[in-house]
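Novice: Sequence:
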Amino acid sequence: MRKLTKSTIVAGAALAAAVGFSTSPASAAGTWTVTGGGAFTAIATNPILTDTNTGTQLKCTKSNAAGTAPNGTGLSGTAIASISSVSWTSCSGPAGISFTVTAQGLPWKLNAVSYSAGVTTGTLTGVKAHISGLCNADFNGPTAGSTATLTGKYTNSTHTLTISGGNLKAYNVSGICLGLINNGDSATYSANYVVTPSTLQITSP
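Per our numbering, the sequence shown runs over residues 59 to 263.
Simulated from the structure, these hints should not be mistaken for lab results.
Mixed in with the good hints there might be a few duds.
Simulated restraints, written as ranges between beta carbons of each label pair [to be verified]:
no., residue 1, residue 2, range
1, GLY163, GLY233, 31 to 39 Å
2, PRO165, ILE234, 15 to 23 Å
3, SER244, SER174, 35 to 43 Å
4, VAL252, GLY130, 38 to 46 Å
5, ASN111, THR147, 25 to 33 Å
6, ASN241, GLN115, 26 to 34 Å
7, SER174, GLY130, 40 to 48 Å
8, ILE234, PRO263, 49 to 57 Å
List time: in silico SDA-like cross-link candidates among lysine to any residue, alpha-carbon distance up to 20 Å [stated by the list, open to error]:
no., residue 1, residue 2
9, LYS120, ALA137
10, LYS120, ILE106
11, LYS211, THR112
12, LYS117, THR254
13, LYS211, THR93
14, LYS120, THR93
15, LYS211, ASN240
16, LYS117, VAL92
17, LYS211, THR254
18, LYS211, THR179
19, LYS211, ILE155
20, LYS211, THR114
21, LYS211, LEU238
Computed from a prediction, not measured in an experiment: that's the story for all the values here.
Cβ coordinates follow ideal geometry from the N, Cα and C atoms, glycine included.
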């Protein structure tokens, strides 16, 4: 048996899932500042992809992500950072069935929407992933050809990007899935990615 693929899996994610943000009047305005940025890496421990129709959970021991968040002031929140790679390690589902998870649609974009007390909230967009093993499936957006959007919160004090929720759906389900994952099932991804360098700060007045 092989390992699991993202969902997320993801998140990033498993990404993200496991960092991310979307467009709104707040994000479109050039009021954002990034310091201590540039190239970054991030690690999430125990990220989970959940099929919300069946309750099936696909769990990985770790997810690694990498990307860039260019320094600047007066920035738009749209695509304030980009995730160029996401991977997952030792992924398994019910009964210990192992999977491999592969991120697709990269780079994923982080879009800042709102800011309060050192926490930036927004979305991670462009998310797609594929899982393979005894059971195979694609996790895309609301339609088979679309990408998903996940919720993200970046906390400056802990330099942690928290990825949650999302509008992932399962497509092209095949293999021995035993009804645990079905075509059209909705899914969510949850992960806490600790970002390096720890100097990365995103702020807005």
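Novice: Does the structure break any of the earlier hints, and which numbers would those be?
Specialist: 1, 2, 3, 4, 6, 7, 9, 11, 12, 14, 15, 16, 19, 20, 21
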